[in-house]
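Taken in sequence, the protein lines are chains S and H.
Residue 21 in my numbering sits at position 21 of the first sequence, and the numbers go up by one each step.
Residues are numbered in my numbering as their position in the second sequence, beginning at 1, plus a constant of 1000.
Hints in this document: simulated from the structure, not taken from any laboratory.
Even for Gly, the Cβ is constructed at its ideal location relative to N, Cα and C.
Certain hints may be false.
When the alpha-carbon atoms are kept at most 25 angstroms apart in a straight line, the in silico DMTMM-like pairs for lysine to aspartate or glutamate are as follows [said to hold, decoys possible]:
#, chain 1, residue 1, chain 2, residue 2
1, H, K1085, S, E73
2, S, K6, S, E26
3, H, K1092, H, D1108
4, H, K1086, S, D70
5, H, K1092, S, D90
6, H, K1086, H, E1124
7, H, K1086, S, D22
8, S, K46, S, E73
9, S, K2, S, D24
10, H, K1230, S, E19
11, H, K1085, S, E19
12, H, K1123, H, D1104
13, S, K46, S, D82
14, H, K1259, S, D90
15, S, K6, S, D22
16, S, K46, S, D78
17, S, K83, H, D1163
18, H, K1085, S, D22
19, S, K33, H, E1097
20, H, K1136, S, D82
21, H, K1092, S, E26
22, H, K1216, H, D1325
23, H, K1086, S, E73
24, H, K1085, S, D90
25, S, K50, S, E64
26, S, K46, S, D22
27, H, K1353, S, D93
28, H, K1123, H, D1112
29, H, K1259, S, D22
Far from chain H by the CB rule (all over 10 angstroms, computed), these chain S residues [to be verified]:
#, residue
30, I11
31, R44
32, S47
33, N54
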Amino acid sequence: MKITIKTSGGIGGFGLSPEPTDVDVENLPSALKERARAAFSKGRLKSLAKSPGNPHAADMINYEISIAHDNGEREHVDVREDKLSDDVLDLIDAIRSAGR
Amino acid sequence: MCHNHHVHHHVRNPICCIIPPHMLETLAMRGDKRTRSMAQALMKQNAEVREERAAMPLAPSAMAAAAPAPAAKRNLKRAIHDGGKKVGLPGKLVRSEGQPPTGDKSADEAYDGAGVVYDLYFKEFGRDSLDNAGLKLVATVHHRANYNNAFWNGEQMAYGDGDGRIFRTFTELSVVGHEMSHGVVQFSGGLLYRGESGALNESFADVFGALTVQRKANQSASQADWLIGKGILGANINGVALRNMKAPGTAYDDALLGKDPQPYHMDFFVNTTGDNGGVHINSGIPNHAFYLYSQLVGGNAWGKPGKVWYDALQTINNSTATFNDWARETMDSAVNLFGLGAMETLYLRRAWKLVGISV
């Protein structure tokens, strides 16, 4: 499984970084690998957004998450950070950190 | 602001005031014959009232009526939390109102900055906190690890620490003023965070972020640098700030970040689906209009120009306002405050014209 995370928005308008994060899940530490495989398994991406978010929020980061599954299938979601659970955001932070 | 000129200049016409101009225009365009006729009559009446009111010399009582009612008493309540580099908000409370400094630079800057922003709104515009009802100012510092952002989430401010490479801090005063001003926009009726209304939301936050800094430093419009987020970029980033209201498009030009994409004129308006339709990009146009207006008026930008912008936000009543809608609303504010033929009103028309918006 390969994960690509792009960000946009935020106070600067260019996300957390103009550079996308590309990681091969197989190269992640084992605990993180298991979390990533569970969170981004096939069909789960579209249901990552757990909250409607606040319509008055401003300067939020937008995440574009693309998954290339081992069987070649691809999934993609575009979601604002306040719609994601704390657990998913923590996982994204850990993956982005590992992908540097 | 509408007055029934058939009765008395200081008696509001509730029908006229309830229906905002953009809605009247829509009704005049799309309504049935009877509705179109009603809308056109109200629009005509609005125009007549505006002309008649503008032609009258402003009596002291009229000046007082145009000024916002001052809040009764200073009612500042701050609560600064430490997010511990985690996602959860608000985190651990580290400093409440009246408590001494924590020694944590970010926490103390967020606390002090919130006080400076509160005082700008309270002392200059008579507003008691973000909701004008004493809302507690809640902020979280050290939000998430290496987090390159600060935001308003509809209830509180959150400031990351930056990753040290692209950003090094987010508790700089203009950023604090920017985020808190998103709260003021929200509690003033809101501006939808997409496209032109989103760019106006961003611009209002930038304008009042800049005014926060200028008022604290007691800088006139001509003395100020008009930078938003001055000094928050990483040491190796080729740039001075996030945005430059004086010269939009020149805040940074860097190998990693690219070039500051902000336009200063409608000719260079950026059509994009990214960044919620370019809310942080096209905000450069109204930002520059405010800068130009402040330069033309002279003196302190938080004085007359700030009042025009603040009053326009209180009266616009249109969450999907375009740049043209906003420009017209600021003109109405200027006319209300200074009169149609006043230099302050003529300068405002000129400032909008200079960024490509005719009002």
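A quick look at each hint next to the structure:
The hinted pair formed by K1085 (chain H) and E73 (chain S) fails the criterion: a straight-line CA distance of about 35 angstroms is larger than 25 angstroms. Of the supplied pair hints, the one linking K6 (chain S) and E26 (chain S) holds, its CA atoms being roughly 20 angstroms apart against a limit of 25 angstroms. Simply put, K1092 (chain H) and D1108 (chain H) have alpha-carbon atoms about 14 angstroms apart, close enough for the 25 angstroms limit, and the pair holds. Taking the CA atoms of K1086 (chain H) and D70 (chain S), the gap is near 31 angstroms; set against the 25 angstroms cutoff, the hint is violated.
Taking the CA atoms of K1092 (chain H) and D90 (chain S), the gap is near 18 angstroms; set against the 25 angstroms cutoff, the hint holds. Distance restraint check for K1086 (chain H) and E1124 (chain H): the Cα-Cα separation of roughly 37 angstroms exceeds the 25 angstroms cut-off, and the hinted pair is therefore not satisfied. Between K1086 (chain H) and D22 (chain S) the alpha-carbon distance is near 23 angstroms, which keeps this suggested pair within the 25 angstroms criterion. At most 25 angstroms may separate the alpha-carbon atoms for a hinted pair to count; K46 (chain S) and E73 (chain S) meet this at roughly 14 angstroms.
Between the alpha carbons of K2 (chain S) and D24 (chain S) the distance comes to roughly 4 angstroms, so the proposed pair stays at or under 25 angstroms and holds. For a cut-off of 25 angstroms, the pair hint linking K1230 (chain H) to E19 (chain S) stands: about 23 angstroms separates their Cα positions. Note on K1085 (chain H) and E19 (chain S): the hinted pairing holds, with a Cα-Cα distance of about 22 angstroms set against a maximum of 25 angstroms. Pair hint K1123 (chain H) plus D1104 (chain H) does not hold up; C-alpha atoms about 28 angstroms apart against a cutoff of 25 angstroms.
With a CA separation close to 15 angstroms, the supplied pair K46 (chain S) and D82 (chain S) stays within the 25 angstroms bound. With a CA separation close to 31 angstroms, the supplied pair K1259 (chain H) and D90 (chain S) exceeds the 25 angstroms bound. Distance check on the hinted pair: K6 (chain S) and D22 (chain S) sit about 9 angstroms apart at the alpha-carbon level, within 25 angstroms; holds. With a C-alpha separation of about 9 angstroms, the suggested pairing of K46 (chain S) with D78 (chain S) holds against the 25 angstroms cut-off.
Only pairs whose Cα atoms come within 25 angstroms are accepted, and K83 (chain S) paired with D1163 (chain H) is accepted, the gap being roughly 23 angstroms. With a C-alpha separation of about 23 angstroms, the suggested pair K1085 (chain H) and D22 (chain S) falls inside the 25 angstroms cut-off, and the hint holds. A threshold of 25 angstroms between alpha carbons decides the hint, and for K33 (chain S) with E1097 (chain H) the separation of about 44 angstroms lies outside it, so the pair is violated. Our distance criterion of 25 angstroms between C-alpha atoms is met by K1136 (chain H) and D82 (chain S), whose separation comes to about 21 angstroms.
Annotation: proposed proximity of K1092 (chain H) to E26 (chain S) is violated, straight-line Cα distance about 36 angstroms (limit 25 angstroms). Of the supplied pair hints, the one linking K1216 (chain H) and D1325 (chain H) is violated, its CA atoms being roughly 31 angstroms apart against a limit of 25 angstroms. Proposed proximity of K1086 (chain H) and E73 (chain S) is contradicted: the alpha carbons are some 33 angstroms apart, above 25 angstroms. Distance hint between K1085 (chain H) and D90 (chain S) is fulfilled; the C-alpha atoms sit about 10 angstroms from each other, no more than 25 angstroms.
Distance hint between K50 (chain S) and E64 (chain S) is fulfilled; the C-alpha atoms sit about 16 angstroms from each other, no more than 25 angstroms. Restraint check for K46 (chain S) and D22 (chain S): the C-alpha separation of about 20 angstroms stays at or below 25 angstroms, so the hint holds. Taken as a hint, the K1353 (chain H) and D93 (chain S) pair is broken in the structure, with Cα atoms around 45 angstroms apart against an allowance of 25 angstroms. For the proposed pair K1123 (chain H) and D1112 (chain H), the alpha carbon gap of about 16 angstroms is at most 25 angstroms, so the pair holds.
For the given pair, K1259 (chain H) sits about 24 angstroms from D22 (chain S) by alpha-carbon distance, which is consistent with the 25 angstroms threshold. At the 10 angstroms boundary, the C-beta of I11 (chain S) falls inside the reach of chain H, the nearest C-beta of that chain being 5 angstroms off. Its beta-carbon lying about 19 angstroms from the closest one in chain H, R44 (chain S) satisfies the requirement of being farther than 10 angstroms from that chain. At roughly 19 angstroms, the least C-beta separation between S47 (chain S) and chain H is larger than 10 angstroms, which holds for a residue marked as non-interface.
Residue-level check failed: N54 (chain S) sits 3 angstroms from the nearest beta carbon of chain H, not beyond 10 angstroms.
The structure fails hints 1, 4, 6, 12, 14, 19, 21, 22, 23, 27, 30, 33 (numbered hints given earlier, in ascending order).
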